[in-house]
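K.L.:
One-letter residues, chain by chain:
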Amino acid sequence: MESLMIDKTKSTPEINFDINSGTLWIKGESFPENAAKFYTPILNWIKEYLKKSTSEMVFEFEIIYFNSSTSKIFMTLFDLLDDEVQDGKKVVVNWRCDKENETAIECGEEFKEDLELLPFNILLL
Amino acid sequence: MKTIFTKEDKLIAKAEKLIKSNSFKSLEDEEEYRALLDEYKSLLKQVKRIIKMSDKTQTELKAVSEKLNVISHIDALTDLYNRRHFDEVLQKEWHSALRSKDEIALVMIDIDYFKKYNDTYGHIQGDKCLKRVADIIKAYAKRPRDIVARFGGEEFMIILPETKIKGAVRVGKDILTGVENMKIEHSASPLKQQILTVSIGIASISPSKESSIEELLTEVDKALYTAKNSGRNCLRPI
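If you read the sequences in order, they're chains S and D.
Be aware that the first sequence starts at 6, since it is given in my numbering, and climbs by one per residue.
Be aware that the second sequence starts at 38, since it is given in my numbering, and climbs by one per residue.
Don't take every hint at face value.
[Stated by the list, open to error] Within a straight-line C-alpha distance of at most 27 Å, the following computed DSSO-like cross-link-like pairs (lysine-lysine) qualify:
#1 D:Lys-93 - D:Lys-44
#2 S:Lys-104 - D:Lys-93
#3 S:Lys-15 - D:Lys-104
#4 D:Lys-85 - S:Lys-77
#5 S:Lys-117 - D:Lys-85
Treat the hints as calculated values from the structure; they're not laboratory data.
Given the structure is predicted, the values throughout are model-derived calculations rather than measurements.
Chain S on its own, in the form it takes in the complex:
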């Protein structure tokens, strides 16, 4: 499997997953015109990777702004990761936000509340 890299655009974040380090960065702003179209290949890639890999996977989210469609996608992803953890996989999510950005912090807390086992850390920068 090859590493996944997608450059950021005006409305989509930078995606960078280095399979050697097992860290997936999602960085920037996310308000794609068609969130399903943008994120489906990424979700598929993650599912495929989870099937093949046994090592720990770390998700680093550094999203300054995201729209409602993106939050639905993130929830789908977190649900998926939550299930993976239940099945014994090692996955961690770091929700990184500026300590001044109250909205980003509160949104992180909203995501966290729905999860059962997935470690979800809110990191203030």
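Since chain S is already given, all that's left is putting chain D on it; use the hints.
P.N.:
Same frame as chain S, but now just chain D:
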């Protein structure tokens, strides 16, 4: 309506009632129904969270947009309205005066020998001076609809709606004396008193279909030039 999800809550209540009624044909059917209901509940919870997050973001964006709106109409140095706001308000007041057949007056104020002031005392002192003059102008044009704006570098403009030339001259005189009374030293001023002074042009018009905003602006500009050519530290109405 206690929540925005009344319909969803009713649906869940109905489904739970059905489960309690034991009317399923088989245990498998009941279990499948229960699982579907749980799935529905968890998806509904997601929707509620998305709406909550979206509301939060929208509230924040609204506040930012309001702040930007204020900033985009204010001159940062003097705290007066900027040229953009002046143009917008003048347009509105012009049309309002056209309908009500009222007069509208403009007062244009220019600091005398400001370049010399800057050259002598430095730009930081020059900025402070602009701020003090701006404050004086604001203090004398204080009716709710009066608009004081920074028009250019050291030029200020007041829109006085429903005001005849006589009323505008009164405001102008107050400003002239107000600035003089501050007694800001201006050693490079060729004027005898060697203090900071302003020149003021005043024009008023009762807008008609034959007249235009540009005409009014030209008139007030001419009036200011007349004041400048009459030795400065004075006002000239047209």
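K.L.:
Does each hint hold? Answer for all of them.
P.N.:
These are the hints, each one checked on the structure:
Restraint check for Lys-93 (chain D) and Lys-44 (chain D): satisfied, since their Cα atoms lie roughly 23 Å apart, inside the 27 Å limit. Under the criterion of a C-alpha separation no larger than 27 Å, the hint pairing Lys-104 (chain S) with Lys-93 (chain D) is consistent with the structure, at around 17 Å. At roughly 23 Å between alpha-carbon atoms, Lys-15 (chain S) and Lys-104 (chain D) fall within 27 Å of each other, so this suggested pair holds. Proposed proximity of Lys-85 (chain D) and Lys-77 (chain S) is supported: the alpha carbons are some 11 Å apart, at most 27 Å.
The hinted pair formed by Lys-117 (chain S) and Lys-85 (chain D) meets the criterion: a straight-line CA distance of about 14 Å does not exceed 27 Å.
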